[in-house]
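Chemist: Read off the chains here:
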Amino acid sequence: MDEVEEKILRAIQDGIPLTHSPFSEIANQLDMSEKEVISQIKVMHEKGIIRRFGASIGHRDIGIIANAMCIWNVPDERVGDVGTIMANFPEVTHCYERPRRPEWNYNLFTMVHSYTKEDCVEVASEISKATGISDYRLLFSEREFKKTGVRL
Amino acid sequence: MIDLDETDKLILNHIQLDFPLVTHPFQTIAEDIGISEEEVIERLERLHDEGAVRKIGPIINRRSVGGTSTLIAVDVPVTRIDEVAGYINEYSEVSHNYLRPDKYNIWFTVSAPNKERICTILDELKSKTGLEFINLPTKRLFKIGVRFNIR
Numbered sequence: 045m046d047e048v049e050e051k052i053l054r055a056i057q058d059g060i061p062l063t064h065s066p067f068s069e070i071a072n073q074l075d076m077s078e079k080e081v082i083s084q085i086k087v088m089h090e091k092g093i094i095r096r097f098g099a100s101i102g103h104r105d106i107g108i109i110a111n112a113m114c115i116w117n118v119p120d121e122r123v124g125d126v127g128t129i130m131a132n133f134p135e136v137t138h139c140y141e142r143p144r145r146p147e148w149n150y151n152l153f154t155m156v157h158s159y160t161k162e163d164c165v166e167v168a169s170e171i172s173k174a175t176g177i178s179d180y181r182l183l184f185s186e187r188e189f190k191k192t193g194v195r196l
Numbered sequence: 087m088i089d090l091d092e093t094d095k096l097i098l099n100h101i102q103l104d105f106p107l108v109t110h111p112f113q114t115i116a117e118d119i120g121i122s123e124e125e126v127i128e129r130l131e132r133l134h135d136e137g138a139v140r141k142i143g144p145i146i147n148r149r150s151v152g153g154t155s156t157l158i159a160v161d162v163p164v165t166r167i168d169e170v171a172g173y174i175n176e177y178s179e180v181s182h183n184y185l186r187p188d189k190y191n192i193w194f195t196v197s198a199p200n201k202e203r204i205c206t207i208l209d210e211l212k213s214k215t216g217l218e219f220i221n222l223p224t225k226r227l228f229k230i231g232v233r234f235n236i237r
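From first to last, the protein sequence lines stand for chains A and B. One rule links them: number in this note's numbering = place in the first sequence (from 1) + 44. One rule links them: number in this note's numbering = place in the second sequence (from 1) + 86.
Calculated from the structure, these hints are not laboratory results. Hints are not guaranteed to be accurate.
[As the list claims (entries may be wrong)] As a list, the in silico DSBU-like pairs of lysine-lysine whose alpha-carbon atoms are at most 30 Å apart:
| # | chain 1 | residue 1 | chain 2 | residue 2 |
| --- | --- | --- | --- | --- |
| 1 | B | K189 | A | K173 |
| 2 | B | K229 | B | K214 |
| 3 | A | K51 | A | K79 |
| 4 | B | K212 | A | K190 |
| 5 | B | K189 | A | K161 |
| 6 | B | K201 | A | K190 |
| 7 | B | K201 | A | K51 |
| 8 | A | K91 | B | K141 |
| 9 | B | K189 | B | K141 |
| 10 | A | K191 | B | K229 |
| 11 | B | K229 | B | K141 |
| 12 | B | K141 | A | K51 |
| 13 | A | K161 | B | K141 |
| 14 | B | K229 | A | K86 |
| 15 | A | K191 | B | K212 |
[To be verified] With the Cβ distance kept under 8 Å, some of the chain A side facing chain B (calculated, not the full set):
| # | residue |
| --- | --- |
| 16 | S100 |
| 17 | M113 |
| 18 | R145 |
| 19 | Y180 |
Backbone N, C-alpha and C fix where the C-beta goes; we use that ideal spot for every residue, glycine too.
Please work from the sequences and hints to get the whole structure.
Modeler: The structure is reproduced here in structure tokens:
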């Protein structure tokens, strides 16, 4: 990431203005052209510095209040295949392989978001059927102490 | 809870991915869904004020800007939950922190420029709380693409 990219990213990381010409306003703040701001954002998207450009949803505020961390004990040699199948479920928002620990023998972690706990349980059961993995648990979040995006 | 009408839902499902990177993005969105630009902006201002939209902007890829992240689990006695959650939240590197009762009950994620910084944070937390923190760093990423299907 170069200096110009970092400058733009800092200016937009908390959101663009909701106006007729949002990128022009950003450009004015930075003393750049609107065209350059837009093309630099596109380049950062292509380079993967920006994972996604779009709206971040306050999912709890609109009723998507249930979220479960589903943890799975997947045979090591099947992790690649199973992780891919799990990632394809639209309700699965995150899917990671993590190391097993002596007292915590789970190696795949998926986040499932939905409207109700029952929905999450149902999704996990569908994932279990689709993958044949039966050793799993759901950890529901009871309190959110902190949630922030990645910031520079 | 915020009540969304069908047009709100249409807008929200439309702008999570592939937000138009053009001179007048809200005009493009308006044309796509068949309402006026003014209405799109008015609705988004309301949805933003109410909290349905946190921001419209970039989701930054922590790895590509240099850095590493991990998930930490800790078994906290029920009477000490708020105290320990408070110590954890003090670090700006902590991005998410949740109570999820199980064998371990507080689960939080840490993003930092390097592994050494994460080790330092965990060492400090251990000495402040006397608790054991279980470090579960990402080995492989299969998906990180939060897009909610709003219905």
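Chemist: With reference to the structure, classify each hint as holding or not holding.
Modeler: To see whether the hints hold, each was checked on the structure:
{"no.": "1", "hint": "K189(B) with K173(A)", "verdict": "holds, 25 Å"}
{"no.": "2", "hint": "K229(B) with K214(B)", "verdict": "violated, 34 Å"}
{"no.": "3", "hint": "K51(A) with K79(A)", "verdict": "holds, 15 Å"}
{"no.": "4", "hint": "K212(B) with K190(A)", "verdict": "holds, 20 Å"}
{"no.": "5", "hint": "K189(B) with K161(A)", "verdict": "holds, 20 Å"}
{"no.": "6", "hint": "K201(B) with K190(A)", "verdict": "holds, 21 Å"}
{"no.": "7", "hint": "K201(B) with K51(A)", "verdict": "holds, 26 Å"}
{"no.": "8", "hint": "K91(A) with K141(B)", "verdict": "holds, 22 Å"}
{"no.": "9", "hint": "K189(B) with K141(B)", "verdict": "violated, 35 Å"}
{"no.": "10", "hint": "K191(A) with K229(B)", "verdict": "holds, 19 Å"}
{"no.": "11", "hint": "K229(B) with K141(B)", "verdict": "holds, 22 Å"}
{"no.": "12", "hint": "K141(B) with K51(A)", "verdict": "holds, 18 Å"}
{"no.": "13", "hint": "K161(A) with K141(B)", "verdict": "holds, 26 Å"}
{"no.": "14", "hint": "K229(B) with K86(A)", "verdict": "holds, 22 Å"}
{"no.": "15", "hint": "K191(A) with K212(B)", "verdict": "holds, 22 Å"}
{"no.": "16", "hint": "S100", "verdict": "holds, 4 Å"}
{"no.": "17", "hint": "M113", "verdict": "holds, 6 Å"}
{"no.": "18", "hint": "R145", "verdict": "holds, 6 Å"}
{"no.": "19", "hint": "Y180", "verdict": "violated, 12 Å"}
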